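Q: Given the structure of chain A, go ahead and fit chain B onto it with the hints provided.
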Amino acid sequence: MGRLFLFVPVAIFIGLAGLLYRGLSLDPTQLPSALIDRELPEFNLRKLGTQDYIVRDNILGRVSLLNVWGTWCPTCVAEHPYLMKLAAEGVPIIGLNYKDEDTKALGWLVRLGDPYSVNITDPNGDFGLDLGVYGAPETYVIDAQGVIRYRHVGEVNQRTWSGELGQAYRELIE
Amino acid sequence: MRLHLTVIVLLISMPVLAVIETYEFSRPELEVRYHRLVDELRCPKCQNQTIADSNAPISEDLRRRLYQELEAGLTDEEIVDGMVARYGEFVRYNPASDGVTRWLWLAPWIFLGIGGAIWVAVTLSRSATKETVSEHASDIAELLKDQSE
Chain A
151 MGRLFLFVPV AIFIGLAGLL YRGLSLDPTQ LPSALIDREL PEFNLRKLGT
201 QDYIVRDNIL GRVSLLNVWG TWCPTCVAEH PYLMKLAAEG VPIIGLNYKD
251 EDTKALGWLV RLGDPYSVNI TDPNGDFGLD LGVYGAPETY VIDAQGVIRY
301 RHVGEVNQRT WSGELGQAYR ELIE
Chain B
177 MRLHLTVIVL LISMPVLAVI ETYEFSRPEL EVRYHRLVDE LRCPKCQNQT
227 IADSNAPISE DLRRRLYQEL EAGLTDEEIV DGMVARYGEF VRYNPASDGV
277 TRWLWLAPWI FLGIGGAIWV AVTLSRSATK ETVSEHASDI AELLKDQSE
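Taken in sequence, the protein lines are chains A and B.
Position in the first sequence (from 1) plus 150 gives the number in the working numbering.
Position in the second sequence (from 1) plus 176 gives the number in the working numbering.
Pulled out of the complex, with its shape left as it was, chain A reads as follows (with noise of 0.2 angstroms):
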């Protein structure tokens, strides 16, 4: 019984290990999304460059991308050229223009292309926060009624449409 005692501290090496194993590839900058499977939360925004403004219902109806961007962020930049090519392929895509210009907004669409079914502005980034937003680009899957099913922070590129954020959007339109 006293040798079992002589294994505490290896099992205790071995705990830890395996501890500090997996926080190595953990990403603190990661949050879990709180919204998931829950309802897009109700707005009344104004659509970029007119002085229309679109409310929650306006959008449902079919599965959809929510791609958070604005003219100011970097990785929206690197990110473009994918929305442009899944634009091509038929992919519903609302753009929420987050704590932007109209003029800066619509230059860049100019520039680089529209991607966008439709755009709605947030300059303030009250949407933004009740959905959640912690930084630009942000990209969710809502289904048909509304329902937010996938958030996915960061790029959109390949990878990540063959990984989980596309195959959350695949899932929803089969």
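Take the hints with a grain of salt, since some may be wrong.
Heads up, incomplete: computed chain A residues facing chain B, CB under 8 angstroms, no partners named [to be verified]:
# : residue
1 : Pro178
2 : Lys249
3 : Gly263
4 : Gly282
These are computed hints drawn from the structure, not numbers from a lab.
Fair warning: this is a prediction, and the values are worked out from it, not measured in the lab.
Built from N, CA and C at the ideal position, the CB exists for glycine as well.
A: Same frame as chain A, now just chain B:
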């Protein structure tokens, strides 16, 4: 001596609060609650700052929302629950004790218990060894006594 002074000064220096905007509260108690809550809510973008410490745009938004909700008459609990609904438990520096976070609260006590159990076990086995040694010691002393006689 100068090194000592430097170290002391570094240790007692306070973090600089970099928050610029000020809010006018309709009632003074709202301001008290505001200052308590900005110290309890964590900036989602930064890893280890409260929204009072952080100058990130998201913290600015959270402070504005907090101000609006306080003025709208929400209770502290409603406000914090609302923030948790958007950003998860991460946003609290004083997490609730339920679900997964219960382990966060229990873990120190569990480890203390394990440590205490080991300590007790080791102490008991040590005193047991000592007793055997002293028994042997008296035997040996007797033997030696017999021999010398």
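Q: The structure should be examined with respect to each hint, and the outcome stated for every one.
A: How the hints compare with the structure:
1. For Pro178 of chain A, the shortest C-beta to C-beta distance to chain B is roughly 6 angstroms, which falls under 8 angstroms, so the interface hint holds.
2. Against a cut-off of 8 angstroms between C-beta atoms, the interface hint on Lys249 of chain A holds, since the closest Cβ of chain B lies about 7 angstroms away.
3. At its closest, the beta carbon of Gly263 of chain A sits 27 angstroms from a beta carbon of chain B; the interface hint therefore is violated under the 8 angstroms criterion.
4. Evaluation of the Gly282 of chain A hint against chain B yields a held restraint, the C-beta minimum of about 4 angstroms falling below 8 angstroms.
Of the numbered hints given earlier, the model fails hint 3 alone.
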